[in-house]
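There are 2 protein chains.
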Amino acid sequence: MNACNIGEDALIRRLAKLVPGRADVVAGIGDDCAVVRTGRRDSFDWLLKSDPVIEGVHFTPTAPAEAIGHKALGRVLSDIAAMGGEPMWVLIDLVAPASVPVKRIEGMYRGLAKLARRHGVAIVGGDTARGKTLELHIFAVGRIPRGRAVLRSGGKPGDSLYVTGSLGGSGQGRHLRFEPRLVEGQWLAAGKWATAMMDVSDGLATDLRRLIAASGTGAVIEAARVPVSPAAKRLLDRRAPLVHALSDGEDFELLFAVPRRKKTAFEAAWSRQFRLACTRIGELTEKSGRLELETRGIRRVLNVRGYEHFT
Amino acid sequence: MNACNIGEDALIRRLAKLVPGRADVVAGIGDDCAVVRTGRRDSFDWLLKSDPVIEGVHFTPTAPAEAIGHKALGRVLSDIAAMGGEPMWVLIDLVAPASVPVKRIEGMYRGLAKLARRHGVAIVGGDTARGKTLELHIFAVGRIPRGRAVLRSGGKPGDSLYVTGSLGGSGQGRHLRFEPRLVEGQWLAAGKWATAMMDVSDGLATDLRRLIAASGTGAVIEAARVPVSPAAKRLLDRRAPLVHALSDGEDFELLFAVPRRKKTAFEAAWSRQFRLACTRIGELTEKSGRLELETRGIRRVLNVRGYEHFT
Chain A
1 MNACNIGEDA
11 LIRRLAKLVP
21 GRADVVAGIG
31 DDCAVVRTGR
41 RDSFDWLLKS
51 DPVIEGVHFT
61 PTAPAEAIGH
71 KALGRVLSDI
81 AAMGGEPMWV
91 LIDLVAPASV
101 PVKRIEGMYR
111 GLAKLARRHG
121 VAIVGGDTAR
131 GKTLELHIFA
141 VGRIPRGRAV
151 LRSGGKPGDS
161 LYVTGSLGGS
171 GQGRHLRFEP
181 RLVEGQWLAA
191 GKWATAMMDV
201 SDGLATDLRR
211 LIAASGTGAV
221 IEAARVPVSP
231 AAKRLLDRRA
241 PLVHALSDGE
251 DFELLFAVPR
261 RKKTAFEAAW
271 SRQFRLACTR
281 IGELTEKSGR
291 LELETRGIRR
301 VLNVRGYEHF
311 T
Chain B
312 MNACNIGEDA
322 LIRRLAKLVP
332 GRADVVAGIG
342 DDCAVVRTGR
352 RDSFDWLLKS
362 DPVIEGVHFT
372 PTAPAEAIGH
382 KALGRVLSDI
392 AAMGGEPMWV
402 LIDLVAPASV
412 PVKRIEGMYR
422 GLAKLARRHG
432 VAIVGGDTAR
442 GKTLELHIFA
452 VGRIPRGRAV
462 LRSGGKPGDS
472 LYVTGSLGGS
482 GQGRHLRFEP
492 RLVEGQWLAA
502 GKWATAMMDV
512 SDGLATDLRR
522 LIAASGTGAV
532 IEAARVPVSP
542 AAKRLLDRRA
552 PLVHALSDGE
562 DFELLFAVPR
572 RKKTAFEAAW
582 SRQFRLACTR
592 IGELTEKSGR
602 LELETRGIRR
612 VLNVRGYEHF
622 T
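Those protein sequence lines, which keep their order, are chains A and B.
When the first sequence is numbered by our numbering, its final residue is 311 and no position is left out of the sequence of numbers.
When the second sequence is numbered by our numbering, its final residue is 622 and no position is left out of the sequence of numbers.
Think of the hints as simulated: they come from the structure by calculation, not from any bench.
Glycine residues also receive a C-beta, built at the ideal position from the N, C-alpha and C atoms.
It is possible that some hints are incorrect.
Said to hold, decoys possible - Not close to chain A: a few residues of chain B, all C-beta gaps over 12 Å, as computed:
# : residue
1 : K443
2 : F489
3 : E533
4 : A579
Claimed, not checked - The list that follows gives simulated cross-link-like pairs (lysine-lysine, DSS-like), each with its CA atoms no further than 27 Å apart:
# : chain 1 : residue 1 : chain 2 : residue 2
5 : A       : K17       : B       : K443
6 : B       : K598      : A       : K132
7 : A       : K233      : A       : K156
Stated by the list, open to error - Anything over 10 Å on all C-beta distances counts as not near chain A; from chain B, calculated:
#  : residue
8  : R421
9  : A427
10 : R454
11 : S471
12 : G502
13 : G527
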């Protein structure tokens, strides 16, 4: 067995068995961020996250330098948003072939710095090394009021499922320009609206499977409710816009569950607070691990998969 | 100008100018770790560090998997040791070509986990991605009692200079097996012995230049005092063992300064505490930025350089 024919999730499960934990780890491998608790009297928990962008995987050689930097930091901030957290400090590991112009590297850091400034994030260190491929590895520390991190595992059958913004066709440009949903994530956590939350990075179908696996529930998506992005509708390939919305990935929108009894109050509060769309796309069910798509009243098991590394 | 003909330090200086800071950053880019302070009443400062190991740069394709994992984590723990800190939580970004056997990846994590367990470190997350080259990027969070982190910048003219262990020839195997000097670093910080400290990762000459640049001093190394490793003495190439000790890098020993008036007390205390060698190799001088080597009473400016990426 090599890294080619094992799925990313399966690989991570195998590796997670090998490594030690500590009593102060509230949530470890398997959520958007790790959550650690530093002291009995501290008023904050700490969120830890790392994520790479790699040329040829996450961006093409022709991508603008500033957009690469924006994406690299944005991906990690999106994960902190998905816990409801506030990002604080960032380290950057740069890997670059010797032929890369310094101007391109500076452009990447400029894009990164612009997004960091907008969210009050400090870039405090990192490392530079020569390698065959241009890569940025971003490590971020965030914080959240103690006990308030929204995990993937808190969903209950009957909870309504929501996504922010619209999904699909991110490869047309949005994957380099998206805005991490930090304000929205913090608001969802502070108001105790969300029982479970994650960001949509590998496609709604794949990511929702992860959420229901963590929550021990099933889920049904109502096909007609999925907010398909204009970019996905414009794509003239052989796949329907809905399939793009379910599987493209790199949307970096928030996917979360809200208790059914709070549905009306939540939707009203969201509308008062934000102009960003927030769409109810379905609900969590009791059929553990089963992801269904409902089309014209008929439910079928959903087999569309999103993007997964190593498959 | 491309990444090939700018030095690593010069590149980092240029990038550091582009990125934002925060008021809670005690020490940012340019020390072994970043130091951040989270609250007015907190009893600890936090240390943040990231560092990669890359096949073809930090290890060869034939290196044993467990040794690669050991080295990857060991490098970062060595930096935390160099501030006097205690490592707590670690994230790992794995980049792997699809052809790498899962058994090899598991071996790397096993080596990493073994070292983590020995120092009470939890591995709490990370990411896996496909790429052309096998790489591990390690991100670690450590802590140190508030205000006690030993920076590179605290050295004063007249301070005695020490290194732990012996230097040179690490490429013969030690670079895959070294033990991060965590206990020693914590002891040096807790006892307020060291005014400035760093780990020797790019060779004594290069790293000491960084320490004196940060401290605004010069330094003189007494050639006869440098503890040359047995491995460096066995090397039968055209470079003298001393040159290896000054320039090879990847020693992961501690380099630190102690006020001259504490010299006797320090050396006695060290001997009582540790069996590990600690050698006085010279002292800090007033000649800002000037690194000298003293051989048979004659001082000359030292031009030997250690390993630097991008040159």
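Evaluated hints:
1. K443: violated (5 Å)
2. F489: Given a closest Cβ separation of 18 Å, the condition holds.
3. E533: holds (32 Å)
4. A579: Answer for A579/B: holds, closest chain A Cβ roughly 36 Å.
5. K17/A to K443/B: Satisfied, since the Cα-Cα distance of roughly 26 Å is no more than 27 Å.
6. K598/B to K132/A: Given pair K598/B, K132/A is violated - Cα atoms ~40 Å apart, limit 27 Å.
7. K233/A to K156/A: Roughly 33 Å between the alpha carbons, so the hint for K233/A and K156/A is violated.
8. R421: Violated, because the least Cβ-Cβ distance between R421/B and chain A comes to about 6 Å, which does not exceed 10 Å.
9. A427: Nearest chain A Cβ is 5 Å from A427/B, so the label is violated.
10. R454: violated (8 Å)
11. S471: holds (29 Å)
12. G502: About 24 Å separates G502/B from the closest Cβ of chain A, which puts it past 10 Å; holds.
13. G527: The claim holds: G527/B sits with its nearest Cβ about 21 Å from chain A, beyond 10 Å.
In terms of the numbered hints stated before, the structure departs from hints 1, 6, 7, 8, 9, 10, listed from lowest to highest.
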